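Trainee: If you read the protein sequences in the order shown, they are chains A and B.
Position one of the first sequence corresponds to residue 1 (this note's numbering), numbered consecutively onward.
Position one of the second sequence corresponds to residue 1 (this note's numbering), numbered consecutively onward.
No wet-lab data here; the hints were simulated from the structure.
Computed from a predicted structure; not experimentally measured.
Even glycine gets a Cβ: it sits at the ideal position worked out from N, Cα and C.
It cannot be assumed that every hint is accurate.
Here are the simulated SDA-like pairs of lysine to any residue, each with C-alpha atoms no more than 25 Å apart in a straight line [as the list claims (entries may be wrong)]: (1) K270/A x Y76/B; (2) K270/A x L21/B; (3) K91/B x R6/B; (4) K390/B x G344/B; (5) K270/A x L173/B; (6) K25/B x S162/A; (7) K390/B x A207/B; (8) K2/B x D151/A; (9) K91/B x R121/A; (10) K2/B x R158/A; (11) K217/B x E358/B; (12) K91/B x D151/A; (13) K153/A x R125/B; (14) K298/B x G344/B; (15) K270/A x R417/B; (16) K298/B x E315/B.
Just so you have them, the derived chain B footprint on chain A, three or more residues with Cβ under 8 Å [stated by the list, open to error]: (17) 219-225; (18) 263-269; (19) 274-284.
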Amino acid sequence: MQHPETWLRPTPAGLLVEPGGFYIDPTSPVSRAVITHGHSDHARGGHAAALATPETLAIMRSRIGPEPAKSVQPLGYGEPIEIGGVRVTLVPAGHILGSAQVVLEWQGSRAVVSGDYKRRRDPTCPPFEPVNCDVFITEATFALPVFRHPDDKEEVARLLHSMRVFPDRTHLVGVYALGKCQRLIRLVREAGYDQPIYLHGALIELCELYRDFGIDLGDLRPATEAPPGMFAGVLVLAPPSSLGDRWSRRMADPVLAFASGWMRIKQRAKQRGVELPLVISDHADWDELCQTLEDVAAPEVWVTHGREDALVHHATSRGIRARALSLLGFEEEGS
Amino acid sequence: MKAFSRLLASLLYTPARNSKLRLLKAYLAETPDPDRGYALAALTGTLVFAEAKPAAVRDVARSRADPVLFDLSYDYVGDLAETVALIWPAKEETGQDLRLSEVVETLTLAARAKVPELLEGWLDRLDADARWALIKLLTGGLRVGVSERLAKTALAEHGKVELAQVEEVWHGLDPPYRPLFDWIEGRTPPPQIDTSRLFRPLMLAQALEEGDLLSLKPRDFRAEWKWDGIRVQIVSGPDGARLFSRGGEEVGPAFPDLVDRLKFSAVVDGELLVRHGEAVAPFNDLQQRLNRRKPSAKLIGDYPAFIRVYDLLFEGEEDLRHLGFDARRARLENWVAHAGLASGVIDLSPLVPFQDWEELGRHRLGAGTLNAEGLMLKRADSPYVAGRPKGLWFKWKRAADTIDAVLMYAQRGHGKRSSFYSDYTFGLWTQPGGELVPVGKAYFGFTDAELMEIDKWVRNNTVDRFGPVRQVAPALVVEIAFDSAQRSTRHKSGVALRFPRVARIRWDKPAGEADVLETLMRRIPA
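Please work from the sequences and hints to get the whole structure.
Mentor: So, in structure tokens, the structure goes:
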């Protein structure tokens, strides 16, 4: 067997699968890219050829433009293909719509690039599927034991409770435009909230895209449509960057909320001026990361973007060979 | 603990003062005695558990969690209470809440050796938020954006009494303040307190902002030097004297040479200073005497202390606080001439005469040579009001001194800054074209936007890494402002800066043109 360290190489452009001549989530334009999911730090434009799930390609078209790469190739979950002798299979990662792990097999060894993932239920995408492998390459966004995301039902219940307690205030929730936004809407709908939800303009197109893929988000309206007096008691979603913006001035004494795994740390919430922190994340928390290492049963783990030290320490103490793999270009606070 | 932790978390997240006040009042109205009294004590900083140390909390947590993971987490989160609260392995909830009063009363009686065991048992019973509140309570310093004054204001509003009425009795009562609640909620008459040896809350000054002077009339104000010592209140009567710091803590035991000689009946406001011949010694000298419970005769002789007084609150039994400043000043001068000077350890802080703000501004430039921090402006008609009332007293600090230094090392911050290089070590050249020698560290003074820029610069100019510290190329000049420079034997450079902060980032200035060490050494007062 050829150990994956002989054929997977971190380069300034991203992780190169040498025998196949392609990169995974490259950060600069390359001849051939495999894209795990549609977040902008993973899915960049300008590649000569890009392969991804049909959902991810649709997201890339919406965010980058009609031609996200010179040539694109859709590949469904669980349909292996060969690229330069390397067998490539996309497997659900449970992160956002279309997100995939990349399973790579070459000369008798198997490596899995997780991309970003989570293990808990998400009504907008199929769940993460653990794949046994020789090397598992994992993200580490929340790889510290202080990050234990609570049940998202409880977090949504807190939001709805606050809306009942402050019926004359707008509830303005910061959400990442892709994934968190649509998941939160689904969770709120599942909790029985059937009123219209108002959206910042930057969120509308992706919600429509999710709908096209059959995800029912209920009654959504552009926030610009609500006259100033109508904001009392309504739920408005906006990208985090526009929370403190002039944009929100028309609203009725808004309760600022933010749905993110970072909200677990009180000082982070405080720093952003968030009054109602909602700990809802699309990344695996500490327990999920540790559980995943058990589930994939890989004798070796490479840890990328995030808090590598802690996960490497944990894996090592469980008898797993582990090392940090430095890949540039992934944002620490990435969506 | 549930209600208390909910209160603390809401206070932390709520920026508006009025909303905080509403939360506090709701808590006081809904929470039974004695819990609410203890909560009030915690919020006003009155509750101190000398036997509970942060180190003990950390050790308990490190024994329960993997120590390596604990340290990484603490480094990331930056706040001990929050790290422990989040990392603590959850147990089945018992469903039964732990009362704040049970914690406070148990801890008050507990020996230090018992604290870890108690803490562990409690942490197992609580959820993450309540664990956080518990540790905040134990280690002091809640930091939820509530001043002592705001907490007392909530109490006064809850009872529909005046804040001044609460202030008057506050220091004569102890947690959980049952007589206070009984009184303001109308069940009993006001508590009777022996005020003869009681600390009276101080009157504080606002910082003078740019432009304030335009709207103030020189003739309405009196000026004094703002001495660089520690503010003290002398409370002296037939039973002896007590010396309080500005927060109402007793500092007398460290200064027997003063306390033994304060034989009069008065409450006096002044500055504790150390004398160097006829002049006021730098703050550094006073520091030698602070927190020494039993100072030696040599220490007392080397650093002779005295009190420079500037206000008289009580003379004998007579409360002077309602009088205007000028009237109190006349009484003070008369009192100093007799009782004050007779003590041998008191002198009068002189008024600084001036006609207009320009003249006063010139005086301010000379503050440094007197070892004064600047000037105080006091309205001639201002009564002595507890707290920091608006528009009556102003502090006008002397302009900070600055040097142009070179950034040498940057360290990742804590907590909300843990992903930014926000702690900077800077240095000066030994000589033009020589090497850099570090002279201090600065953590603030820059905007968030500047922080992002420096952070980026640090990442792009790193020449070496030591754990969380990066050594950077000697290429970025930072203008460092500081209050004073002092000789130091602990620093390689031989100089220590008081209160250094980043005044400006000199992206434009070549590093070779930054200051040399000699320039800074010349700023050390003789």
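Trainee: Are the hints correct? Go through all of them and say.
Mentor: Hint by hint, here is what the structure shows:
1. K270/A x Y76/B: 16 Å, holds
2. K270/A x L21/B: 18 Å, holds
3. K91/B x R6/B: 20 Å, holds
4. K390/B x G344/B: 36 Å, violated
5. K270/A x L173/B: With a Cα-Cα distance of about 34 Å, the restraint between K270/A and L173/B is violated, given a limit of 25 Å.
6. K25/B x S162/A: 19 Å, holds
7. K390/B x A207/B: 10 Å, holds
8. K2/B x D151/A: 19 Å, holds
9. K91/B x R121/A: 24 Å, holds
10. K2/B x R158/A: 16 Å, holds
11. K217/B x E358/B: Answer holds: K217/B to E358/B is near 12 Å, not above 25 Å.
12. K91/B x D151/A: 16 Å, holds
13. K153/A x R125/B: At roughly 23 Å apart (the allowed maximum being 25 Å), R125/B and K153/A satisfy the hint.
14. K298/B x G344/B: Cα-Cα ~19 Å, so holds.
15. K270/A x R417/B: Roughly 12 Å between the alpha carbons, so the hint for K270/A and R417/B holds.
16. K298/B x E315/B: 34 Å, violated
17. 219-225: violated (count 0)
18. 263-269: Holds, because 6 residues of the region 263-269 of chain A bring their Cβ atoms closer than 8 Å to Cβ atoms of chain B.
19. 274-284: holds (count 4)
Hint violations for this structure: numbers 4, 5, 16 and 17, all remaining hints satisfied.
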